[in-house]
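J.: Sequence:
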Amino acid sequence: MCGGPMRTQWLVNAKHNFKSSISAAAIAAAALSLSACSDSSAALDDQAPEGPRHRVLVTEVKAQTIELERSFGARTEGSMVAEVRARVGGVLEKRHFNEGQFLERGTVMFSIEKAPYEVELQKAQAEVTSAEAVYNEARRDWARVENLFVDGAISARERDQTQSRLESAEADVVSAQATLEEMKLRMSYTEIKAPISGVASRESISAGNLIRENDALATIVGLDPIYVHFNVNESDIAARYLLQQVAVTTPQEGAEQGPEARLRFSDGREHPVSGYIDYVSRIVDRESGSIEARAVIPNPDMTLLPGQWVRVQLPSIEVPYAITVPQRAIIQSGRESIVYIVDNQNIVQVREVTLGVRVGNEQLIEQGLASGDRVIVEGLSMLQPGTQVNVEIAE
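Residue numbering for the sequence shown follows my numbering, beginning at 70 and increasing consecutively.
These are calculated hints, taken from the structure and not from any lab test. All C-beta atoms in this analysis are idealised placements derived from N, C-alpha and C, irrespective of residue type, glycine included. Check the hints yourself; a few may be wrong.
To be verified - Think about it this way: if two alpha-carbon atoms lie no more than 27 Å apart in a straight line, the pair counts; the simulated BS3-like pairs of lysine-lysine are:
hint	residue 1	residue 2
1	192	253
2	131	163
3	262	192
4	163	253
5	183	131
6	262	131
7	183	253
Stated by the list, open to error - Listed next, with one range per pair, are the computed distances between beta-carbon atoms:
hint	residue 1	residue 2	range
8	283	225	26 to 36 Å
9	170	389	24 to 34 Å
10	149	447	21 to 31 Å
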(Lines of atoms letter the chains of each structure in order from A and count residues from 1; the text may use other names and numbers.)
(Lines give C-alpha, C1' and ligand atoms only; values in the text may rest on other atoms or scores of the structure.)
Protein backbone atom coordinates (compact mmCIF):
# COMPACT_ATOMS: atom_id res chain seq x y z
CA MET A 1 0.00 0.00 0.00
CA CYS A 2 2.81 2.30 0.95
CA GLY A 3 4.39 1.90 -2.50
CA GLY A 4 1.20 2.24 -4.56
CA PRO A 5 1.08 6.01 -5.25
CA MET A 6 4.80 6.32 -5.78
CA ARG A 7 4.75 3.49 -8.33
CA THR A 8 1.89 5.10 -10.15
CA GLN A 9 3.72 8.42 -10.36
CA TRP A 10 6.82 6.73 -11.67
CA LEU A 11 4.88 4.94 -14.36
CA VAL A 12 3.35 8.26 -15.45
CA ASN A 13 6.75 9.96 -15.57
CA ALA A 14 8.28 7.04 -17.36
CA LYS A 15 5.50 7.06 -19.96
CA HIS A 16 5.93 10.81 -20.48
CA ASN A 17 9.70 10.51 -20.80
CA PHE A 18 9.32 7.70 -23.29
CA LYS A 19 6.98 9.76 -25.50
CA SER A 20 9.36 12.72 -25.34
CA SER A 21 12.26 10.53 -26.37
CA ILE A 22 10.29 9.19 -29.32
CA SER A 23 9.38 12.75 -30.45
CA ALA A 24 12.96 13.97 -30.18
CA ALA A 25 14.20 10.98 -32.08
CA ALA A 26 11.62 11.53 -34.82
CA ILE A 27 12.55 15.20 -35.19
CA ALA A 28 16.22 14.37 -35.31
CA ALA A 29 15.59 11.71 -37.93
CA ALA A 30 13.53 14.10 -40.04
CA ALA A 31 16.22 16.76 -39.80
CA LEU A 32 18.85 14.29 -40.86
CA SER A 33 16.63 13.19 -43.74
CA LEU A 34 16.08 16.80 -44.95
CA SER A 35 19.76 17.57 -44.63
CA ALA A 36 20.60 14.49 -46.62
CA CYS A 37 18.07 15.47 -49.32
CA SER A 38 19.47 19.00 -49.52
CA ASP A 39 23.02 17.76 -49.81
CA SER A 40 21.91 15.26 -52.42
CA SER A 41 20.10 17.99 -54.45
CA ALA A 42 23.11 20.30 -54.23
CA ALA A 43 25.34 17.53 -55.40
CA LEU A 44 23.00 16.82 -58.31
CA ASP A 45 22.94 20.53 -59.23
CA ASP A 46 26.72 20.69 -59.20
CA GLN A 47 26.88 17.68 -61.43
CA ALA A 48 24.15 18.89 -63.91
CA PRO A 49 25.54 19.59 -67.46
CA GLU A 50 25.53 23.23 -68.86
CA GLY A 51 23.00 24.15 -71.58
CA PRO A 52 24.26 24.55 -75.18
CA ARG A 53 25.93 27.91 -75.90
CA HIS A 54 24.56 30.23 -78.59
CA ARG A 55 26.36 29.73 -81.90
CA VAL A 56 27.44 32.84 -83.83
CA LEU A 57 29.27 33.45 -87.07
CA VAL A 58 31.92 36.19 -86.95
CA THR A 59 34.18 38.00 -89.38
CA GLU A 60 37.48 39.52 -88.40
CA VAL A 61 37.78 43.07 -89.70
CA LYS A 62 40.99 44.22 -91.32
CA ALA A 63 42.08 47.73 -92.24
CA GLN A 64 42.84 47.92 -95.94
CA THR A 65 42.97 50.37 -98.82
CA ILE A 66 39.76 50.45 -100.84
CA GLU A 67 38.51 52.43 -103.83
CA LEU A 68 35.09 54.02 -103.61
CA GLU A 69 32.85 54.85 -106.55
CA ARG A 70 30.61 57.78 -105.64
CA SER A 71 27.82 59.29 -107.73
CA PHE A 72 25.16 61.85 -106.88
CA GLY A 73 21.80 62.89 -108.26
CA ALA A 74 21.97 66.28 -109.93
CA ARG A 75 20.13 68.83 -112.09
CA THR A 76 21.46 70.48 -115.21
CA GLU A 77 21.41 74.23 -115.62
CA GLY A 78 22.52 76.62 -118.33
CA SER A 79 26.01 77.96 -117.77
CA MET A 80 24.72 81.42 -118.71
CA VAL A 81 21.17 82.75 -118.55
CA ALA A 82 20.34 86.21 -119.86
CA GLU A 83 17.02 88.01 -120.08
CA VAL A 84 16.51 89.96 -123.27
CA ARG A 85 14.97 93.32 -122.32
CA ALA A 86 13.99 96.45 -124.22
CA ARG A 87 16.29 99.38 -123.50
CA VAL A 88 13.89 101.90 -125.06
CA GLY A 89 10.13 102.01 -125.40
CA GLY A 90 8.03 102.01 -128.55
CA VAL A 91 6.07 99.77 -130.88
CA LEU A 92 7.61 96.29 -131.26
CA GLU A 93 7.79 95.93 -135.03
CA LYS A 94 9.27 92.48 -135.68
CA ARG A 95 10.80 89.32 -134.24
CA HIS A 96 13.86 88.23 -136.24
CA PHE A 97 14.49 84.72 -134.85
CA ASN A 98 12.77 81.38 -134.50
CA GLU A 99 11.84 80.42 -130.96
CA GLY A 100 14.20 77.71 -129.71
CA GLN A 101 16.88 78.72 -132.21
CA PHE A 102 20.56 78.90 -131.29
CA LEU A 103 21.78 82.48 -131.63
CA GLU A 104 25.26 83.93 -131.66
CA ARG A 105 25.93 86.91 -129.47
CA GLY A 106 24.99 90.15 -131.28
CA THR A 107 22.28 88.62 -133.47
CA VAL A 108 19.31 90.98 -133.93
CA MET A 109 16.30 89.45 -132.16
CA PHE A 110 13.66 92.25 -132.20
CA SER A 111 13.24 95.65 -133.80
CA ILE A 112 11.34 98.63 -132.43
CA GLU A 113 9.78 101.40 -134.55
CA LYS A 114 12.62 103.80 -135.44
CA ALA A 115 10.70 106.90 -136.62
CA PRO A 116 10.38 108.66 -133.22
CA TYR A 117 14.10 108.14 -132.54
CA GLU A 118 15.09 109.36 -135.99
CA VAL A 119 13.28 112.62 -135.25
CA GLU A 120 15.05 112.97 -131.91
CA LEU A 121 18.35 112.24 -133.62
CA GLN A 122 17.77 114.99 -136.22
CA LYS A 123 16.90 117.48 -133.48
CA ALA A 124 20.08 116.61 -131.63
CA GLN A 125 22.11 117.05 -134.81
CA ALA A 126 20.54 120.48 -135.33
CA GLU A 127 21.40 121.47 -131.76
CA VAL A 128 25.02 120.59 -132.42
CA THR A 129 25.06 122.67 -135.61
CA SER A 130 23.53 125.64 -133.79
CA ALA A 131 25.95 125.37 -130.88
CA GLU A 132 28.92 125.15 -133.22
CA ALA A 133 27.74 128.31 -135.06
CA VAL A 134 27.51 130.25 -131.80
CA TYR A 135 30.92 128.94 -130.79
CA ASN A 136 32.51 130.00 -134.09
CA GLU A 137 31.06 133.50 -133.72
CA ALA A 138 32.38 133.70 -130.16
CA ARG A 139 35.84 132.70 -131.38
CA ARG A 140 35.84 135.48 -133.96
CA ASP A 141 34.70 138.01 -131.37
CA TRP A 142 37.44 136.89 -129.04
CA ALA A 143 40.10 137.34 -131.72
CA ARG A 144 39.02 140.95 -132.35
CA VAL A 145 38.67 141.81 -128.67
CA GLU A 146 42.05 140.38 -127.85
CA ASN A 147 43.74 142.66 -130.41
CA LEU A 148 41.78 145.68 -129.21
CA PHE A 149 42.76 144.97 -125.62
CA VAL A 150 46.43 144.79 -126.61
CA ASP A 151 46.07 148.18 -128.33
CA GLY A 152 44.34 149.55 -125.22
CA ALA A 153 41.11 150.24 -127.08
CA ILE A 154 38.87 148.29 -124.65
CA SER A 155 38.83 147.61 -120.96
CA ALA A 156 39.80 144.39 -119.24
CA ARG A 157 36.18 143.89 -118.24
CA GLU A 158 35.03 143.84 -121.88
CA ARG A 159 37.81 141.39 -122.68
CA ASP A 160 36.77 139.08 -119.81
CA GLN A 161 33.12 139.14 -120.86
CA THR A 162 34.03 138.15 -124.42
CA GLN A 163 36.22 135.33 -123.13
CA SER A 164 33.36 134.03 -120.93
CA ARG A 165 30.99 133.98 -123.93
CA LEU A 166 33.57 131.96 -125.85
CA GLU A 167 33.94 129.43 -123.02
CA SER A 168 30.14 129.16 -122.62
CA ALA A 169 29.70 128.58 -126.36
CA GLU A 170 32.37 125.88 -126.24
CA ALA A 171 30.56 124.14 -123.36
CA ASP A 172 27.27 124.30 -125.28
CA VAL A 173 28.92 122.53 -128.19
CA VAL A 174 30.16 119.75 -125.89
CA SER A 175 26.68 119.40 -124.35
CA ALA A 176 24.97 119.29 -127.75
CA GLN A 177 27.42 116.66 -128.98
CA ALA A 178 26.76 114.52 -125.88
CA THR A 179 23.02 114.75 -126.53
CA LEU A 180 23.62 113.71 -130.12
CA GLU A 181 25.61 110.66 -128.98
CA GLU A 182 22.82 109.74 -126.57
CA MET A 183 20.26 109.93 -129.36
CA LYS A 184 22.46 107.75 -131.57
CA LEU A 185 22.70 105.23 -128.75
CA ARG A 186 18.94 105.20 -128.18
CA MET A 187 18.48 104.82 -131.91
CA SER A 188 20.73 101.74 -131.84
CA TYR A 189 18.60 100.29 -129.03
CA THR A 190 15.68 100.00 -131.46
CA GLU A 191 17.49 96.84 -132.61
CA ILE A 192 17.47 94.39 -129.68
CA LYS A 193 20.41 91.98 -129.94
CA ALA A 194 21.31 88.72 -128.25
CA PRO A 195 23.48 89.54 -125.19
CA ILE A 196 25.09 86.06 -125.14
CA SER A 197 25.36 83.03 -127.40
CA GLY A 198 22.73 80.44 -126.60
CA VAL A 199 19.29 79.04 -127.26
CA ALA A 200 16.42 81.50 -127.36
CA SER A 201 13.18 80.92 -125.49
CA ARG A 202 9.77 81.74 -126.84
CA GLU A 203 8.89 85.43 -127.07
CA SER A 204 7.22 87.08 -124.09
CA ILE A 205 5.63 89.92 -126.10
CA SER A 206 4.61 89.60 -129.73
CA ALA A 207 5.14 92.13 -132.52
CA GLY A 208 2.68 95.00 -132.73
CA ASN A 209 2.56 95.68 -129.00
CA LEU A 210 3.63 98.92 -127.41
CA ILE A 211 6.46 98.12 -125.03
CA ARG A 212 8.19 100.13 -122.36
CA GLU A 213 11.82 100.45 -121.48
CA ASN A 214 13.06 97.37 -119.53
CA ASP A 215 10.20 95.08 -120.61
CA ALA A 216 11.34 91.41 -120.82
CA LEU A 217 10.99 90.02 -124.33
CA ALA A 218 12.74 86.61 -124.20
CA THR A 219 15.47 84.61 -122.47
CA ILE A 220 18.69 83.12 -123.84
CA VAL A 221 20.36 80.14 -122.17
CA GLY A 222 23.97 79.16 -122.76
CA LEU A 223 24.18 75.37 -123.18
CA ASP A 224 27.82 74.75 -124.04
CA PRO A 225 29.18 74.12 -121.54
CA ILE A 226 26.34 73.23 -119.21
CA TYR A 227 26.39 73.36 -115.41
CA VAL A 228 25.38 70.44 -113.21
CA HIS A 229 24.56 71.20 -109.56
CA PHE A 230 24.53 68.50 -106.86
CA ASN A 231 24.72 68.19 -103.07
CA VAL A 232 27.00 66.03 -100.94
CA ASN A 233 26.36 65.21 -97.29
CA GLU A 234 28.97 66.86 -95.10
CA SER A 235 29.87 63.49 -93.50
CA ASP A 236 30.32 61.75 -96.87
CA ILE A 237 33.91 60.90 -97.69
CA ALA A 238 33.29 62.45 -101.11
CA ALA A 239 32.77 65.83 -99.43
CA ARG A 240 36.24 65.69 -97.90
CA TYR A 241 37.67 64.56 -101.24
CA LEU A 242 36.08 67.45 -103.15
CA LEU A 243 37.11 70.04 -100.58
CA GLN A 244 40.70 68.85 -100.89
CA GLN A 245 40.72 68.66 -104.68
CA VAL A 246 38.95 71.89 -105.67
CA ALA A 247 40.89 75.10 -105.06
CA VAL A 248 39.42 77.70 -102.73
CA THR A 249 40.67 80.59 -104.86
CA THR A 250 39.62 81.31 -108.42
CA PRO A 251 41.91 79.36 -110.80
CA GLN A 252 44.13 81.53 -112.96
CA GLU A 253 44.28 81.06 -116.71
CA GLY A 254 45.99 77.77 -117.48
CA ALA A 255 45.50 76.46 -113.92
CA GLU A 256 44.77 72.78 -113.45
CA GLN A 257 41.08 71.87 -113.55
CA GLY A 258 39.24 70.13 -110.73
CA PRO A 259 38.45 66.39 -110.53
CA GLU A 260 36.91 64.71 -113.56
CA ALA A 261 33.13 64.41 -113.66
CA ARG A 262 31.04 62.14 -115.88
CA LEU A 263 27.29 62.16 -116.39
CA ARG A 264 24.89 59.25 -116.54
CA PHE A 265 21.26 59.64 -117.61
CA SER A 266 18.29 58.06 -115.86
CA ASP A 267 18.08 55.36 -118.56
CA GLY A 268 21.69 54.29 -117.94
CA ARG A 269 23.27 56.04 -120.92
CA GLU A 270 26.45 58.05 -120.38
CA HIS A 271 27.18 61.49 -121.77
CA PRO A 272 30.05 60.98 -124.24
CA VAL A 273 32.17 63.90 -123.01
CA SER A 274 33.50 64.20 -119.47
CA GLY A 275 33.82 67.49 -117.62
CA TYR A 276 35.25 68.62 -114.32
CA ILE A 277 34.27 69.92 -110.88
CA ASP A 278 34.86 73.66 -110.75
CA TYR A 279 33.09 74.71 -107.54
CA VAL A 280 32.55 73.34 -104.03
CA SER A 281 30.80 75.45 -101.41
CA ARG A 282 32.59 76.06 -98.13
CA ILE A 283 29.25 76.54 -96.34
CA VAL A 284 27.18 73.64 -94.96
CA ASP A 285 23.43 74.00 -95.43
CA ARG A 286 21.89 74.06 -91.95
CA GLU A 287 18.70 72.27 -92.96
CA SER A 288 20.10 69.48 -95.14
CA GLY A 289 23.60 69.15 -93.65
CA SER A 290 25.09 69.10 -97.15
CA ILE A 291 27.44 71.17 -99.28
CA GLU A 292 26.79 72.26 -102.85
CA ALA A 293 29.09 71.36 -105.72
CA ARG A 294 29.05 72.08 -109.44
CA ALA A 295 30.37 70.30 -112.51
CA VAL A 296 31.09 71.90 -115.88
CA ILE A 297 30.22 69.56 -118.76
CA PRO A 298 30.96 70.23 -122.46
CA ASN A 299 27.78 70.05 -124.52
CA PRO A 300 28.73 70.69 -128.15
CA ASP A 301 25.80 68.73 -129.58
CA MET A 302 23.25 70.36 -127.24
CA THR A 303 22.08 66.95 -126.04
CA LEU A 304 22.00 68.15 -122.45
CA LEU A 305 19.14 70.49 -121.62
CA PRO A 306 18.53 72.63 -118.53
CA GLY A 307 16.43 70.93 -115.87
CA GLN A 308 17.40 67.34 -116.69
CA TRP A 309 17.88 64.81 -113.87
CA VAL A 310 21.29 63.11 -114.15
CA ARG A 311 23.90 61.46 -111.95
CA VAL A 312 27.38 62.90 -111.52
CA GLN A 313 30.05 60.21 -111.34
CA LEU A 314 33.25 61.17 -109.50
CA PRO A 315 36.64 59.50 -110.01
CA SER A 316 37.49 56.54 -107.78
CA ILE A 317 38.37 57.74 -104.29
CA GLU A 318 41.20 55.83 -102.61
CA VAL A 319 40.61 55.31 -98.88
CA PRO A 320 43.60 53.97 -96.91
CA TYR A 321 43.16 51.99 -93.66
CA ALA A 322 39.45 51.52 -94.34
CA ILE A 323 37.36 49.16 -92.21
CA THR A 324 34.21 47.62 -93.65
CA VAL A 325 31.68 45.13 -92.30
CA PRO A 326 28.77 43.30 -93.95
CA GLN A 327 25.51 45.23 -93.96
CA ARG A 328 23.74 42.47 -92.04
CA ALA A 329 26.05 42.97 -89.04
CA ILE A 330 24.73 46.49 -88.35
CA ILE A 331 21.79 47.04 -86.01
CA GLN A 332 19.94 50.34 -85.75
CA SER A 333 19.12 51.27 -82.17
CA GLY A 334 17.18 54.50 -82.24
CA ARG A 335 19.51 57.03 -83.80
CA GLU A 336 22.56 54.93 -83.04
CA SER A 337 24.19 52.19 -85.08
CA ILE A 338 25.70 49.24 -83.20
CA VAL A 339 27.46 45.96 -83.90
CA TYR A 340 28.07 42.93 -81.67
CA ILE A 341 31.64 41.73 -81.28
CA VAL A 342 33.21 38.86 -79.31
CA ASP A 343 36.33 39.27 -77.19
CA ASN A 344 39.16 36.78 -76.58
CA GLN A 345 36.96 34.82 -74.14
CA ASN A 346 34.15 34.64 -76.73
CA ILE A 347 32.00 36.96 -74.64
CA VAL A 348 29.60 39.22 -76.50
CA GLN A 349 30.13 42.99 -76.36
CA VAL A 350 28.31 45.93 -77.95
CA ARG A 351 30.08 48.61 -79.99
CA GLU A 352 28.54 51.85 -81.19
CA VAL A 353 29.83 52.71 -84.65
CA THR A 354 29.79 55.70 -86.99
CA LEU A 355 28.74 54.68 -90.48
CA GLY A 356 30.33 55.86 -93.68
CA VAL A 357 29.09 55.07 -97.18
CA ARG A 358 27.99 51.71 -98.54
CA VAL A 359 30.53 49.74 -100.53
CA GLY A 360 28.53 47.09 -102.37
CA ASN A 361 27.18 44.77 -99.65
CA GLU A 362 29.62 46.20 -97.13
CA GLN A 363 29.37 49.26 -94.92
CA LEU A 364 32.33 51.57 -94.36
CA ILE A 365 32.90 52.18 -90.64
CA GLU A 366 34.24 55.64 -89.82
CA GLN A 367 34.62 55.10 -86.05
CA GLY A 368 34.04 52.38 -83.46
CA LEU A 369 36.00 49.39 -84.78
CA ALA A 370 39.68 48.53 -85.08
CA SER A 371 41.58 46.04 -87.17
CA GLY A 372 41.34 42.60 -85.57
CA ASP A 373 37.89 43.05 -84.00
CA ARG A 374 35.62 40.03 -84.49
CA VAL A 375 32.17 41.18 -85.56
CA ILE A 376 29.13 38.92 -85.35
CA VAL A 377 27.38 38.60 -88.70
CA GLU A 378 25.00 35.68 -88.00
CA GLY A 379 23.20 34.51 -84.87
CA LEU A 380 22.22 38.00 -83.76
CA SER A 381 18.70 37.10 -82.64
CA MET A 382 18.15 36.88 -78.86
CA LEU A 383 21.81 37.82 -78.31
CA GLN A 384 22.68 39.54 -75.02
CA PRO A 385 25.87 41.42 -74.09
CA GLY A 386 27.98 39.43 -71.62
CA THR A 387 26.87 36.08 -73.02
CA GLN A 388 29.55 33.51 -73.79
CA VAL A 389 29.05 32.02 -77.24
CA ASN A 390 30.44 29.41 -79.56
CA VAL A 391 32.26 31.16 -82.39
CA GLU A 392 32.63 30.12 -86.00
CA ILE A 393 34.67 32.14 -88.48
CA ALA A 394 32.86 33.23 -91.64
CA GLU A 395 34.64 32.33 -94.84
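J.: Could you check the structure against the hints above and give me the numbers of any it violates, in ascending order?
T.: Those not satisfied are hints 2, 5, 6, 8, 9 and 10.
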